[in-house]
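Engineer: Sequence:
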Amino acid sequence: MQQSQVNFISYADNFVVTGASRELLENTIKPLIVSFLNERGLELSPEKTITTSISQGFDFLGFNIRKYRNKLLIKPSKANVLTFIRNTRALIKSHPTMATSELIRLLNPKLRGWGNYYRHSVANQTFGYVDCQIFKTLQRWAKRRHPNKGARWVTRKYFLPEYARHWCFQGRSHFDGVTTSEYLTQLVTIPIKRHTKIRGEATPYDPAFASYWRSRKENRDKSRNSWHISPETAL
467 MQQSQVNFIS
477 YADNFVVTGA
487 SRELLENTIK
497 PLIVSFLNER
507 GLELSPEKTI
517 TTSISQGFDF
527 LGFNIRKYRN
537 KLLIKPSKAN
547 VLTFIRNTRA
557 LIKSHPTMAT
567 SELIRLLNPK
577 LRGWGNYYRH
587 SVANQTFGYV
597 DCQIFKTLQR
607 WAKRRHPNKG
617 ARWVTRKYFL
627 PEYARHWCFQ
637 GRSHFDGVTT
647 SEYLTQLVTI
657 PIKRHTKIRG
667 EATPYDPAFA
677 SYWRSRKENR
687 DKSRNSWHIS
697 PETAL
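Just so we're on the same page, the working numbering is the position in the sequence shown counted from 1, plus 466.
I should point out that these hints are in silico values taken from the structure, not numbers from a laboratory. Hints should not be assumed to be uniformly reliable.
Below, computed lysine-lysine pairings styled on DSSO-like, alpha-carbon distance capped at 30 Å [claimed, not checked]:
#: 1; residue 1: K659; residue 2: K688
#: 2; residue 1: K623; residue 2: K559
#: 3; residue 1: K576; residue 2: K623
#: 4; residue 1: K544; residue 2: K602
Quick list of the computed label-pair ranges, beta carbon to beta carbon [stated by the list, open to error]:
#: 5; residue 1: G643; residue 2: I664; range: 49 to 57 Å
#: 6; residue 1: K602; residue 2: R638; range: 27 to 35 Å
#: 7; residue 1: I658; residue 2: T515; range: 26 to 34 Å
Even for Gly, the Cβ is constructed at its ideal location relative to N, Cα and C.
Work the whole structure out from these sequences, hints included.
Structural biologist: Below, the structure is given as structure tokens:
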């Protein structure tokens, strides 16, 4: 299939097939896949199965994959970004009287998890946008708690401009005579680490590549330990 530039990428029951032309994919590759699945009592999902040009792009596992002027860019998908913002807003609004430090502890694992899921993509601009939307939501949350106070007073109480970038939502907790400061994770502070491509001939089913996969896993684990990873990747 190398001559036809056909590639197969799968994750669980989701997969992408790329090829040199739409005709090749529709007339040759798709019938082969349909036949392969039918023999096993399976079928393609009509809602999820599309054929599109890479210049138009497509979403896969929460990422948007698209080529811009011969340069392939992988970004967080618009749908997932909007869903995350919407769910985060709902979570904040559902706790109008929660202590600031408790709200921060509730949000931080979700922010870190979501950010780490996308940290290998072109996500800096998206991270900044999401941070901005969360900032506005927290501003409204804080103002509702103090309807008789001005915006400047509220900002000084809840947001620390000197920390990290221009603002940081912060709170304090008190326990056993000790005061602890809590700071909301900002997505823009999560370092972007580009994904190292897998060798084209490498397969996990060939024992000859066992050391290669072991080395990749070790490097991946080191990368994860360089940042606070949370298993909660979405709300």
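Engineer: Below or equal to 30 Å on CA atoms is what counts here, so check K659 against K688.
Structural biologist: This hinted pair holds, its Cα atoms lying about 12 Å apart.
Engineer: Assuming the hint says 26 to 34 Å, is it satisfied by the Cβ distance from I658 to T515 or not?
Structural biologist: At 32 Å between Cβs, range holds.
Engineer: Does the Cβ distance between K602 and R638 fall inside 27 to 35 Å?
Structural biologist: This hint is violated: roughly 23 Å between Cβ atoms.
Engineer: Has the given pair, K623 with K559, been kept, meaning a C-alpha gap of at most 30 Å?
Structural biologist: Between K623 and K559 the Cα gap is close to 19 Å, so the pair holds against 30 Å.
Engineer: Does K576 pair with K623 here, judged by a C-alpha cut-off of 30 Å?
Structural biologist: Status holds; Cα separation ~24 Å.
Engineer: For the pair supplied as a hint, K544 and K602, is the alpha-carbon distance within the 30 Å limit?
Structural biologist: 19 Å, holds
Engineer: At the C-beta level, are G643 and I664 separated by a distance inside 49 to 57 Å?
Structural biologist: 53 Å, holds
Comparing the model with each earlier hint shows a violation of hint 6 alone; every other hint is respected.
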